[in-house]
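A.B. asks: Protein chains in written order, with our numbering: chain A, 1 to 52; chain B, 1 to 244; chain C, 1 to 218; chain D, 1 to 207.
Since the hints were derived computationally from the structure, they do not count as laboratory data. Keep in mind that the hints are not guaranteed to be accurate.
The calculated lysine-lysine pairs, modelled on PhoX-like cross-linking and capped at a C-alpha distance of 20 Å, are [said to hold, decoys possible]: (1) A:K40 / B:K150; (2) B:K229 / B:K150; (3) D:K184 / D:K122; (4) D:K102 / D:K122; (5) C:K10 / B:K150; (6) A:K49 / B:K150; (7) A:K40 / B:K229.
Just so we're clear, the structure is a prediction, and the values are computed from it rather than from any experiment.
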Amino acid sequence: MFAELGQYQFEVLAAYGATILLIGGIVALSAASSAAALRKLNELRSLEKRNE
Amino acid sequence: MSVWEFANPARFVRIVGRILAPTALLSASLLAVGLVWGFFFTPPDYVQGSAVKILFVHVPSALMAINAWIMMLAASLIWLVRRHRVSVLAAKSAAPVGAVMTLAAMVTGGIWGQPMWGTWWAWEPRLTSFLILFLFYLGYIALWHEVDDKERAADLTSVLCMVGSVFAFLSRYAVNFWQQGLHQGASLSLDRDTNVHNAYYVPLLLCMAGFALLFVTLVLLRTRTEIRKQHSAAIAARINADVR
Amino acid sequence: MIALVIRDLKLAMRSGGGFGHALAFFFAVALLVPLAVGSDSAILVSVASGMIWVAALLASLLSLDRLFSIDFEDGSLEAIAVSPLPLEIAVCSKICAHWIATGLPLAAAAPVVGLLLHLPGEGYFWAVASLLVGTPALSALGAFGASLTAGMKRGGLLLSVLVVPMSIPTLVFGAKSIALAVAGASNTTAFLLLAATTLTAVAIAPFAAARALADSLR
Amino acid sequence: MQLRANSVSCRRGERTLFGDVGFALGGGDCLIVRGPNGSGKTTLLRTLAGISRPSTGNIFVDRDEVVFIGHSNAIKDQMTARENLEFWASVFGTADADDALKSFNLWEARNIRAICLSAGQKQRLSLSRIGISRRKIWILDEPTASLDADGSAAILSRIRSHCRNGGIAVVATHHEFEMPESKKLDLSRFQPSLRSGVRSAPESPQS
Numbered sequence: 001m002f003a004e005l006g007q008y009q010f011e012v013l014a015a016y017g018a019t020i021l022l023i024g025g026i027v028a029l030s031a032a033s034s035a036a037a038l039r040k041l042n043e044l045r046s047l048e049k050r051n052e
Numbered sequence: 001m002s003v004w005e006f007a008n009p010a011r012f013v014r015i016v017g018r019i020l021a022p023t024a025l026l027s028a029s030l031l032a033v034g035l036v037w038g039f040f041f042t043p044p045d046y047v048q049g050s051a052v053k054i055l056f057v058h059v060p061s062a063l064m065a066i067n068a069w070i071m072m073l074a075a076s077l078i079w080l081v082r083r084h085r086v087s088v089l090a091a092k093s094a095a096p097v098g099a100v101m102t103l104a105a106m107v108t109g110g111i112w113g114q115p116m117w118g119t120w121w122a123w124e125p126r127l128t129s130f131l132i133l134f135l136f137y138l139g140y141i142a143l144w145h146e147v148d149d150k151e152r153a154a155d156l157t158s159v160l161c162m163v164g165s166v167f168a169f170l171s172r173y174a175v176n177f178w179q180q181g182l183h184q185g186a187s188l189s190l191d192r193d194t195n196v197h198n199a200y201y202v203p204l205l206l207c208m209a210g211f212a213l214l215f216v217t218l219v220l221l222r223t224r225t226e227i228r229k230q231h232s233a234a235i236a237a238r239i240n241a242d243v244r
Numbered sequence: 001m002i003a004l005v006i007r008d009l010k011l012a013m014r015s016g017g018g019f020g021h022a023l024a025f026f027f028a029v030a031l032l033v034p035l036a037v038g039s040d041s042a043i044l045v046s047v048a049s050g051m052i053w054v055a056a057l058l059a060s061l062l063s064l065d066r067l068f069s070i071d072f073e074d075g076s077l078e079a080i081a082v083s084p085l086p087l088e089i090a091v092c093s094k095i096c097a098h099w100i101a102t103g104l105p106l107a108a109a110a111p112v113v114g115l116l117l118h119l120p121g122e123g124y125f126w127a128v129a130s131l132l133v134g135t136p137a138l139s140a141l142g143a144f145g146a147s148l149t150a151g152m153k154r155g156g157l158l159l160s161v162l163v164v165p166m167s168i169p170t171l172v173f174g175a176k177s178i179a180l181a182v183a184g185a186s187n188t189t190a191f192l193l194l195a196a197t198t199l200t201a202v203a204i205a206p207f208a209a210a211r212a213l214a215d216s217l218r
Numbered sequence: 001m002q003l004r005a006n007s008v009s010c011r012r013g014e015r016t017l018f019g020d021v022g023f024a025l026g027g028g029d030c031l032i033v034r035g036p037n038g039s040g041k042t043t044l045l046r047t048l049a050g051i052s053r054p055s056t057g058n059i060f061v062d063r064d065e066v067v068f069i070g071h072s073n074a075i076k077d078q079m080t081a082r083e084n085l086e087f088w089a090s091v092f093g094t095a096d097a098d099d100a101l102k103s104f105n106l107w108e109a110r111n112i113r114a115i116c117l118s119a120g121q122k123q124r125l126s127l128s129r130i131g132i133s134r135r136k137i138w139i140l141d142e143p144t145a146s147l148d149a150d151g152s153a154a155i156l157s158r159i160r161s162h163c164r165n166g167g168i169a170v171v172a173t174h175h176e177f178e179m180p181e182s183k184k185l186d187l188s189r190f191q192p193s194l195r196s197g198v199r200s201a202p203e204s205p206q207s
């Protein structure tokens with residue numbers, strides 16, 4: 001199956017590559033901001049408990 | 001009465017917690033199967049050769065680029081009518097994803113058309129419309145960013161989304177009208193309904209479903225992040241208030 | 001309503017030639033085009049009708065930034081919000097005032113700019129006509145953009161980012177009306193679509209802008 | 001004619017300024033709103049005037065009878081005092097710009113451009129919108145700001161006579177305002193309590 005990869009025109013690889021890159025980018029960004037938000041929230045919540 | 005109608009967003013966060021992993025998994029598998037199947041196990045087109053396989057990434061991303069905006073329009077309407085906090089945050093979360101989908105549609109469209117037009121970017125109706133849609137996305141995201149009071153930002157962006165949709169729709173026809181003016185007929189554009197060879201049909205459906213679920217997963221994830229951010233802001237405000 | 005239009009025009013006059021800004025910019029762009037594109041008549045002719053509209057769009061954008069923010073800061077908007085004058089009507093009169101201060105002068109100056117850009121004869125009438133019919137849409141959309149950025153300190157740039165995409169139909173139909181006339185083809189469809197776009201913009205903008213202003217005041 | 005607010009609370013961004021403010025005003029009542037800076041006096045008045053929206057509770061008032069004079073004076077510097085008032089007279093559909101100028105003793109300054117007026121004159125010009133509006137419910141935010149002794153006395157007596165002949169007034173001021181029959185509202189009592197007191201409903205814990 002991978003042997004035939006050679007005969008694929010460059011365009012298809014470029015298109016797939018670009019799409020995967022873009023989608024990967026937005027997924028990574030979203031995951032990172034989600035984790036950061038959770039960390040900040042827990043931090044603030046513990047800060048608030050300590051103040052009480 | 002808590003600081004803001006919290007019951008509903010909290011319930012939303014719990015629901016997301018439960019269904020996020022399954023949807024992510026499902027969309028990943030759909031994408032994997034669809035793309036691999038489309039890439040390896042479909043015959044090359046006798047005219048374009050294997051370049052036709054770009055349709056497996058171009059068509060779904062183009063579809064989602066438009067559907068994302070329609071979802072944002074609906075979410076904005078819900079916010080304006082019923083001030084449903086989760087829906088406006090979902091609209092805010094969907095915008096970057098929609099913008100990325102539009103970008104993907106433009107890039108893949110450009111690559112797909114390159115052999116036909118001899119340039120990586122041709123000012124033909126479809127690609128131009130995506131560029132215009134991309135500008136609308138940028139405007140929407142910029143407005144959220146520039147307004148500091150989040151309550152007001154929600155109202156303003158919702159009104160912008162409503163009015164923007166009318167003119168995005170008008171632009172679509174203006175671009176078509178503008179294109180007829182040039183001698184280049186519509187046949188060169190991607191609009192012509194590519195008679196989808198039935199071998200491509202199923203993988204294309206899989207890819208579309210995969211992209212749609214990917215969009216849903218990302219919006220759920222990002223909306224939960226927005227809710228957490230607002231909650232942190234509320235706690236921070238309370239801590240400052242207590243300290244004062 | 002009329003009082004507001006008169007007041008805004010009076011203010012535009014007194015605070016330094018409200019009419020002048022848009023016109024000066026319009027001629028500036030007309031000057032830049034040949035310098036940038038070359039003065040070869042063939043090029044200019046093909047570019048003229050489009051550039052008239054691009055210059056008109058940019059000129060309208062220029063004078064929008066302060067449309068609401070001055071009234072927002074000095075409390076006039078707040079006072080109007082609590083007066084019998086509905087915000088929608090206030091926005092309408094702002095749109096009229098802006099159109100009289102920018103749209104009309106642009107349409108009047110179009111023949112001169114057409115001359116500078118070697119616009120062929122048939123184009124002159126349609127240049128003026130399309131600007132007359134098209135610029136109200138620019139004022140209406142601009143007013144909506146200005147209402148979104150009224151509460152911000154430096155909203156000018158964002159205003160353009162928001163308004164330019166929405167004014168694409170007006171730009172395309174306007175430029176087409178001139179270009180088709182120059183090419184001798186019938187431009188009635190283009191002109192009618194231009195008018196339709198303007199009607200849509202003028203119908204939607206006051207309500208959307210009033211809602212945005214009310215939210216900004218909140 | 002009445003101005004009633006029940007369990008009104010307002011938020012600024014994520015911070016609750018005050019909670020559960022309630023009162024009822026009929027003809028002839030005058031409410032003095034006091035409280036430290038930042039306690040939300042202006043926000044409360046803007047909410048009563050219908051400009052801002054309360055985050056909880058609601059307000060019952062006849063909107064067409066309300067006139068609101070805030071900190072910013074809604075005056076155009078390039079226009080003369082008289083032009084400014086004539087504009088507002090046409091907005092309110094009345095025609096007595098001139099006698100409003102007279103009764104706020106701005107008649108001699110009528111042809112001066114607003115930019116050249118003193119702060120006190122500008123404040124009086126702003127307040128003269130009350131006369132022009134001929135409206136019964138006055139909502140005034142710090143009316144005595146930048147006014148001298150007799151300027152303040154004049155506006156306070158104007159408020160008193162307005163209430164005496166059946167009007168309603170809500171005034172936010174630090175000024176010592178001796179008006180026996182007026183009601184008092186001290187916003188500092190409605191602050192979201194500090195740590196010791198009642199906290200707003202605790203959020204359910206985050207997953």
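A.B. asks: Tell me the hint numbers this structure goes against, listed in increasing order.
C.D. replies: 3, 5 and 6
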